[in-house]
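Given chain A, work out where chain B should sit, using these hints.
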Amino acid sequence: MTAYILRRLAQSVPTLFIVVTLSFFLVRLAPGGPFDLERPLPAAAMENLRRVYGLDQPLLVQYGRYLAALARGDLGPSFSVRDLSVAELFARGLPVSMTLGGLALLVALVLGTGLGALSALRRGAWLDHAVTTLGTFALTVPGFVVAPLLQIAFGLSLRWLPVGGWDDGAPRNLVLPVVTLALPQVAVIARLARAGLVEVFDRPHWRTLRGLGLPPRILALHAVRGAALPVVSYLGPAAAGLLTGSVVVETVFGLPGVGRYFVDGAINRDYTLVLGTVVLIAVFVLVLNLVADLACALIDPRLREFG
Amino acid sequence: MSLLSLRGLTVRYPQAGVTALDGLDLDLARGETLALVGESGSGKSQVALAAMGLLPPQARVSGSVRFDGTELTALDRPALDRIRGARIGLVFQEPMTALDPLFTVGHQIALPLRAHRSFSRRRAGARARELMDLVGIRDAASRLSAYPHELSGGERQRVMIAMALACEPDLLIADEPTTALDVTVQAQILALLADLKDRLGLALLFITHDLRLVRRIAERTAVLRAGRLVETGPTARLFRDPQAPETRDLLAAEPTGRKAPVPASAPVVLEARGVSVAYPGPRRWLRAGPPRLAVEGVDLTLRAGQTIGVVGESGSGKSSLGRALLRLEPAAHGLVRFEDRDLTALDRTALRPLRRGFQPVFQDPMGSLSPRLTAGEIVAEGLRVHAPRLDAAARDARAAEAFREVRLDPASRHRFPHAFSGGQRQRLAIARAMILRPRLVVLDEPTSALDRTVQRDIVALLRDLQAAHGLAYVFISHDLAVVRALSDTVLVLRNGREVERGPTDQVLERPREAYTRALVAAAGLEGGLAQA
Chain A
1 MTAYILRRLA QSVPTLFIVV TLSFFLVRLA PGGPFDLERP LPAAAMENLR
51 RVYGLDQPLL VQYGRYLAAL ARGDLGPSFS VRDLSVAELF ARGLPVSMTL
101 GGLALLVALV LGTGLGALSA LRRGAWLDHA VTTLGTFALT VPGFVVAPLL
151 QIAFGLSLRW LPVGGWDDGA PRNLVLPVVT LALPQVAVIA RLARAGLVEV
201 FDRPHWRTLR GLGLPPRILA LHAVRGAALP VVSYLGPAAA GLLTGSVVVE
251 TVFGLPGVGR YFVDGAINRD YTLVLGTVVL IAVFVLVLNL VADLACALID
301 PRLREFG
Chain B
1 MSLLSLRGLT VRYPQAGVTA LDGLDLDLAR GETLALVGES GSGKSQVALA
51 AMGLLPPQAR VSGSVRFDGT ELTALDRPAL DRIRGARIGL VFQEPMTALD
101 PLFTVGHQIA LPLRAHRSFS RRRAGARARE LMDLVGIRDA ASRLSAYPHE
151 LSGGERQRVM IAMALACEPD LLIADEPTTA LDVTVQAQIL ALLADLKDRL
201 GLALLFITHD LRLVRRIAER TAVLRAGRLV ETGPTARLFR DPQAPETRDL
251 LAAEPTGRKA PVPASAPVVL EARGVSVAYP GPRRWLRAGP PRLAVEGVDL
301 TLRAGQTIGV VGESGSGKSS LGRALLRLEP AAHGLVRFED RDLTALDRTA
351 LRPLRRGFQP VFQDPMGSLS PRLTAGEIVA EGLRVHAPRL DAAARDARAA
401 EAFREVRLDP ASRHRFPHAF SGGQRQRLAI ARAMILRPRL VVLDEPTSAL
451 DRTVQRDIVA LLRDLQAAHG LAYVFISHDL AVVRALSDTV LVLRNGREVE
501 RGPTDQVLER PREAYTRALV AAAGLEGGLA QA
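In the order they appear, the protein sequences are chains A and B.
With the first letter of the first sequence counted as 1, position 29 gets the number 29 in the UniProt record's numbering; the numbers rise by one all the way through.
With the first letter of the second sequence counted as 1, position 379 gets the number 379 in the UniProt record's numbering; the numbers rise by one all the way through.
So that you can see chain A by itself, here it is in the shape it has in the complex (with noise of 0.2 Å):
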C-alpha cells in the first residue's frame, strides 16, 4: 500500500513535467511581453526590466532556470503585482479559494447524496422528476448567470446578504458565493448517487439482502458503500476544481481568491505567474486522484491488487 502511494507519486512527476514544459512554451507563443504597457517604457528602462526577470537569456535558459526554481519549490517572483512572489500571492489567495471550495463540496456533497438518495428511493415518482428537471437546470445555467441573480434577489432586493467583498470570511460574505460553487456539483452528485443507488437495487445481491429481513439501517449501510464508488472517483477532481477557486465566482463576488490569478496572469503575461497556478492545479488535480482511488480501493475489496 504504501509503495502503491510512492509509486504512484513518482508517476506523477513526468505528468508534472509534461504540464509545466507544455505551458512554458504555450504561455510564451502569446504576443507580447509583461512590460509591454499603453505607453512603452523606455528602451534602457525596458532592457533592464528585462535582464533583471532573466528574460533576456535564450528561451531554453530561461527554461531550464524556471525548471531548475521549480524543483526547489520556488515559483519565481511575479512580474505583474511587484514586490511579491507567485508563492506569497499563493498564500494569500489560497485560504480564500480553499475556504469557498470546501465548503462548496461539504454543501455539494450532503445535499447531492441526500437528493440522489431520495430520487432513487422514489423512481419514477414526482419528486425523481422534480430532483432530474431541478438538476439539469443547476447544470445548465452556468455561474454567471446564477450569481448576479442570487445577488439581486438576497443582495439587493431582500437585503440579507452582502452582493461580494471577503471582509475576512465572515459568514454573511461565505452564503452566495459557495452557493454558486455548490449548486452544478450537487446537480451533478444527486445524479451520480441516484445511478449508484438504482444499480445497487437492481443487482441480484440486493435481493438476498432483502431476504434475510434486514432492518433499514443495515441495508442502507450496504447501499451506500455500493454506490459510493462513482461519487468517489468524481470527488478527486471536482475537489481539485473547486480548492483552486473559480475565475467567475472570484470576479463576480469580488474576492480575494488564486482563481483570478490565472486570468489575470494571462492577461498581464506574467509568465511566473501562469506557470505558477498551472503546477498548483495539477498538483492538486494528482494528489486529490491519488486519495480518490484509494478511497475506492477502501471501499471495494476487488480494487486492492495494487498491480
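None of these hints come from the bench; they were simulated from the model.
Glycine included, each C-beta is placed from N, C-alpha and C at the ideal position.
Errors might be hidden in some of the hints.
[As the list claims (entries may be wrong)] Per label pair, the in silico range of CB-to-CB distance:
#	chain 1	residue 1	chain 2	residue 2	range
1	A	T132	B	R212	47 to 53 Å
2	B	T73	A	P230	32 to 38 Å
3	A	P230	B	S145	25 to 31 Å
4	B	R437	A	A295	54 to 60 Å
5	A	T132	B	S40	31 to 37 Å
6	A	P230	B	G23	41 to 47 Å
Just chain B, lined up with the frame of chain A:
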C-alpha cells in the same frame, strides 16, 4: 397442518400484460421436500419471490400465502422482516452475484444473526464460524475474512446456504441452487442440502428446471407450466407414471439415442498432435510471470461424420482446445491438420479461404449474435468473405435456405436477434455456420443455456445435419447426457490434460479413471448409472 400453503396464488404484470402465476395451490408439510419443476418462463421463481415479498413493485399479487398460519401477503414490511431470514431461508441461483461483493463473508453470514437474534458482533462471529463448518467450508476461520470474489462458485453457494440457515429456519426455499455450478460441485451441494434437511428438520422447497436433480432430493414434485400447476404427486410415482402431457414432455426431454458408428474408411477431417495453449502468467512488476497451461499436449483424430465429445468442468481447458483447433487461439502450440492441409504453418491471410471448411458455433447465443444486424444478415455474413461474387439477392436466397435447413421460418430472417427465443438463437448460430457448407464444426456448449425440451430439438437437428452432410463435430460440453447422445468418442479433460478417452459407451458406462467416475456419478445419467 401444512407449514407453507399457497391458495390461488396469482402474480400478474399488468404493464407487460403477463400473468406469471395463475391460481397456484400448493402445500408443503414440516420436514418435507417439495420440488417445483418447470422450464424457463413457467413462473417457478415467482413462487419464491411472492412468498418472500420480493417481487418487483410492478407485480400485482392476489391469492394467499400462509406460512405456519400467518398470511404473508397481508403483512407490512417490519412484520415480514421478522419472518424472512429468520423462519424462512432463501438460497438463490447466482452464486457469483448473490453475495455483496464489498463485504466479507463473515460479515454477511452474521447479518441475519445480528438482525433477528440481536447477537453481539463477537457472538455472531463465533456462530458464523460454526455455520461455515456446518456447510462444509474448510478452514472456516480464515475464509470468514475473505471477500466473495476470493471464493469458488461452490464455496459461495455454501456461504449462501449458511446465511439462509443462520437463524435455524423452518423452511428453506432454494431457487436453482446448483444451476451455475459444475456437476461434481452440484452433487456436493445437493448432498449438503439433503443432509442439512435431515439434521435440522427443515422443510425444503426446491425450485429447478432439472428433473434429474429432483429424483435425488424430493419426496414430492410439482410441475409448473406457463404459470399453472399441471401435476403434483410423489416423485417416484410422477417419474414412473406421469399423468399430464406436460410432465411426459419434460420427462421425454432427456436426450436419448446413441450415435451410429462411422465406417473406419471415412476420410480423416481433423488431426491434432500435441496441442497446447499457454497463457502468459500474471505480470509481476514488469516481467511476465510463469505461463499458465490451459491445454497440455492433446491429440485427436476425427473422421467425416464422426463426433468427438470433449467433457470436463469449468477451467478444464475445453473451450481453449476448441479455439486452438479452429486456429482462433493465438496462444496455441502444436500441430493441427485439416483435411490435407497443415494449418499450423499458415498465417491469418492464408487461413482465411480455408476457414470456410471449419466453423465454430459458440455457447452464449445472445452474446455471439450482433444485435444490430437482422437474423438473415447475420446468417449470410460469412458469404461476404467466402463467396464474394454472390450479390445481395443471392446471399439472401442462401440465407433463406439455411433458415429452412435449421427449421426456422425463412420469413423471420428480417427480424433482429432479440426477437428470437434462446433455442431459436442457437439455431441461428448453427445456420450461420451451415451456410458455408463446412466439413468440420466445433460446437462449444451449444445446448447449455437451453431448457431440456429445447435441447432435445437442437440435438435432433445436429444429428440430422451431420447425417445429411457427413459433418465432423467437435462437441464441447459439460453435459454428459447430451454428449452421450451425440458422440462416437469422448475425451475427458481435467486441468488441460487428457484424463481418459474412448468410445462413448465405454467411457460413460465403464469409466476407468476415478475422475470420470465422479463426473458420471454427479451427472446422474440414466441407463448407464442404473446398470452400474
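A quick look at each hint next to the structure:
1. T132/A / R212/B: 47 to 53 Å: 50 Å, holds
2. T73/B / P230/A: 32 to 38 Å: 37 Å, holds
3. P230/A / S145/B: 25 to 31 Å: Once the Cβ atoms are compared, 27 Å apart, the range 25 to 31 Å for S145/B and P230/A holds.
4. R437/B / A295/A: 54 to 60 Å: Holds, at about 58 Å.
5. T132/A / S40/B: 31 to 37 Å: Taking Cβ atoms as reference, T132/A and S40/B lie about 35 Å apart, which means the hint holds.
6. P230/A / G23/B: 41 to 47 Å: 44 Å, holds
In terms of the numbered hints stated before, the structure departs from none.
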